[in-house]
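Q: One-letter residues, chain by chain:
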Amino acid sequence: MAEIAIGIILLIFSGLVYAISIPYPFEAAYFPRGLLFLLASFSAILIVQGISKKLKAERKSIQKFRLGDREKKVITMVGSSILYIYLLDKIGYYLATLPYLLIMIRALGVRRLRIIILSAVSVIIFIYCIFTAFLNIPLPEGSLLVGIW
Amino acid sequence: MVLLDQLIMGFQHALEWQNLLIAFIGAFGGIIIGGLPGLTATMGVALLIPVTFGMHPATGLILLGAVYCGAIYGGSISAILIRTPGTPAAAATVFDGYEMTKKGEAGKALGGAVVASFCGGFFSTVVLILVAPPLALFSLKFGPHEFFLLAVFGLTIIASLAGESMVKGLISGIIGLLVSTIGMHPLTGYFRFTFDMSALYDGIPVIIALIGLFSTSQVLYLAERKGDERAEMATGERISVIPKFKEMWDLKGTILRSSIIGTIVGAIPGAGADIASFLGYNEAKRFSRHPEKFGTGILEGVVASEAANNGVTGGSLIPLLTLGIPGNAVTAVLLGGLLIQGLRPGMELFREHADITYTFIVSLFFAKTFYLILGFVGLRYISYVVRVPSGILSPVILVLSVVGSYAIRNSVSDVWLMLIMGLLGYGLRKYDFPLAPICLAIILGPLAESNLARALTMADNNLLLIFKYFVSHAICLILLVLIIASLMSPLIKEWILRKNRGSVS
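Which chain is which? The protein sequence lines are A and B, in order. Just so we're aligned, residue 14 is where the first sequence starts under this note's numbering, counting upward by one. Just so we're aligned, residue 122 is where the second sequence starts under this note's numbering, counting upward by one.
Treat each hint with caution, since some may be false.
Restraint-style ranges between C-beta atoms, simulated for each label pair [said to hold, decoys possible]: (1) A:Arg125 - B:Gly374: 34 to 42 Å; (2) B:Phe316 - A:Phe39: 44 to 52 Å; (3) B:Ile494 - A:Ile64: 50 to 58 Å; (4) A:Glu40 - B:Arg530: 22 to 30 Å.
If you are wondering where the hints come from, they were derived from the structure by calculation, not from laboratory data. Backbone N, C-alpha and C fix where the C-beta goes; we use that ideal spot for every residue, glycine too.
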């Protein structure tokens with residue numbers, strides 16, 4: 014089932030990207046268009062493979078789509094990462110990273126508070142020493158806080 | 122004589138205290154990364170490339186090379202102690218390594234593994250020094266046609282990196298090639314798939330794509346696990362016991378044989394350290410006077426697998442440094458590290474940048490020496506680190522990925538791109554699409570496209586003329602044969618693995 018769905022998504026994707034490439038001059042378009050043709054062909058093969066697999070084992074593929082604990086954890090991780098990247102642009106790298114680490118380590122199931130704090134603080138110190146102090150690589154300062162600092 | 126002079130110069134640079142320190146840190150970091158189940162050498166090297174920006178090119182490459190070597194060895198630690206190979210390269214080490222741990226001989230297994238890893242790695246680096254410069258000379262004869270075929274040959278490796286499903290591997294490769302077309306066309310300067318976003322004008326930087334694909338997707342993968350889970354070691358282990366010199370000396374034949382196997386396998390694009398370790402293990406069993414003892418916990422099994430997988434480290438650098446063809450995912454990422462420092466593989470690397478290249482190659486000896494020392498002195502502590510719960514690992518890797526992707530162009534847009542590539546990587550992995558082909562395609566795509574465009578321009582867009590050129594030039598013909606052989610390689614690989622696994626079990 015998953016393979017059929019992915020195959021269909023890739024076929025639609027190939028069509029959409031091809032449509033985007035229509036106004037491009039030939040020199041710039043032949044390479045991606047050739048690739049899109051190949052992608053569409055292999056997607057069709059994937060769909061055929063998926064159909065033959067589905068006929069063999071239908072139950073197994075349905076189970077993959079259930080939203081279990083694992084999927085919830087991944088969704089939490091993705092959601093929190095989006096929020097974290099948004100925040101680091103606003104309030105700066107270090108101010109966003111410390112709470113992110115503390116919350117995520119806890120959310121991913123580590124119980125002991127001492128380990129959570131120790132891990133988060135050591136990572137912050139490590140990044141500061143390597144990137145800021147040793148390599149002089151500037152990290153986001155936060156657009157909201159730049160004026161204050 | 123020139124080679125000797127360049128080697129001496131390489132030794133002088135590699136012996137500078139900063140480079141020695143970096144090699145030590147890289148080897149240590151690599152052992153930890155390799156030892157942690159779920160983290161791979163590829164991920165470690167991808168994550169560290171941004172750290173090398175502020176460094177001298179030679180120092181940066183030393184760090185990446187040391188991490189590569191350290192990680193391939195590090196995989197054996199968790200394979201022996203907790204029956205989980207830290208990297209796929211250590212899969213064959215589990216057979217006898219964990220059995221030895223159960224018998225209370227963990228220290229002996231770990232000691233044997235580190236000595237064999239050192240020997241395998243050392244041997245392959247010597248071969249690299251001897252073989253690479255003459256092979257690089259060959260690359261001077263390459264024009265757009267040859268480079269196009271070389272890139273296609275590199276891309277056919279996708280077939281061998283495809284994993285279980287060839288179709289999925291090919292789809293991954295095409296997605297990677299499509300990603301590589303984002304941005305300005307190499308010859309006409311026309312913007313493609315940029316949607317008027319300035320962050321995409323130069324395309325998706327290779328390193329951003331690699332960090333996203335290998336590190337961020339891994340974060341999401343690790344997040345699926347039970348966060349406070351710590352791997353348990355078998356009871357009765359005695360880490361402090363190390364093998365006696367005589368025990369190791371008796372295994373010199375096995376170590377040498379596996380080192381040769383590893384180096385040859387490493388130099389063949391597409392065949393990685395995992396195949397080398399199985400081959401090394403199987404050949405040791407075939408040559409052994411007591412093959413029935415393999416799998417019951419004997420030192421010979423551990424050293425056979427470890428010398429072979431570390432032999433790959435030097436071997437895989439031969440096609441990478443001479444022709445720019447990465448044979449596996451780690452060397453593909455390493456190629457990204459080379460390119461970002463403005464270094465192009467081929468003769469230029471051995472002539473114009475000989476100081477950097479030989480410093481890098483010679484430093485591999487030191488990196489291996491450092492992990493040998495660390496393997497004996499710090500094993501007790503490292504064995505605790507390999508059991509860090511994934512609940513701590515995943516947010517920490519994400520935070521490091523964010524720093525790494527931001528550091529490339531000091532742009533938060535790159536961090537978003539990294540996250541998008543990570544989600545793509547996770548989604549693909551979730552449905553068994555291999556990531557290595559995408560990585561290879563992103564790197565080789567521009568090489569293939571730009572050289573095809575040049576060849577077409579030279580032939581007035583006449584495909585027949587290009588074809589005539591291909592069949593009338595020796596290098597093109599050799600490359601065409603290699604392309605066909607490479608496309609056939611999955612069948613050969615499957616046959617070898619089936620044969621070896623069959624005889625191992």
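Q: Each of the hints needs a verdict: does it hold here or not?
A: Hints, verified against the model:
Our hint of 34 to 42 Å for Arg125 of chain A and Gly374 of chain B is violated, since their Cβ atoms are close to 49 Å apart. Separation of Phe316 of chain B from Phe39 of chain A is about 21 Å and departs from the stated range, judged on CB atoms against 44 to 52 Å. For the hinted restraint 50 to 58 Å between Ile494 of chain B and Ile64 of chain A, the CB-CB distance of approximately 57 Å keeps it satisfied. Taking 22 to 30 Å as the suggested C-beta distance range, the pair Glu40 of chain A and Arg530 of chain B conforms, at roughly 28 Å.
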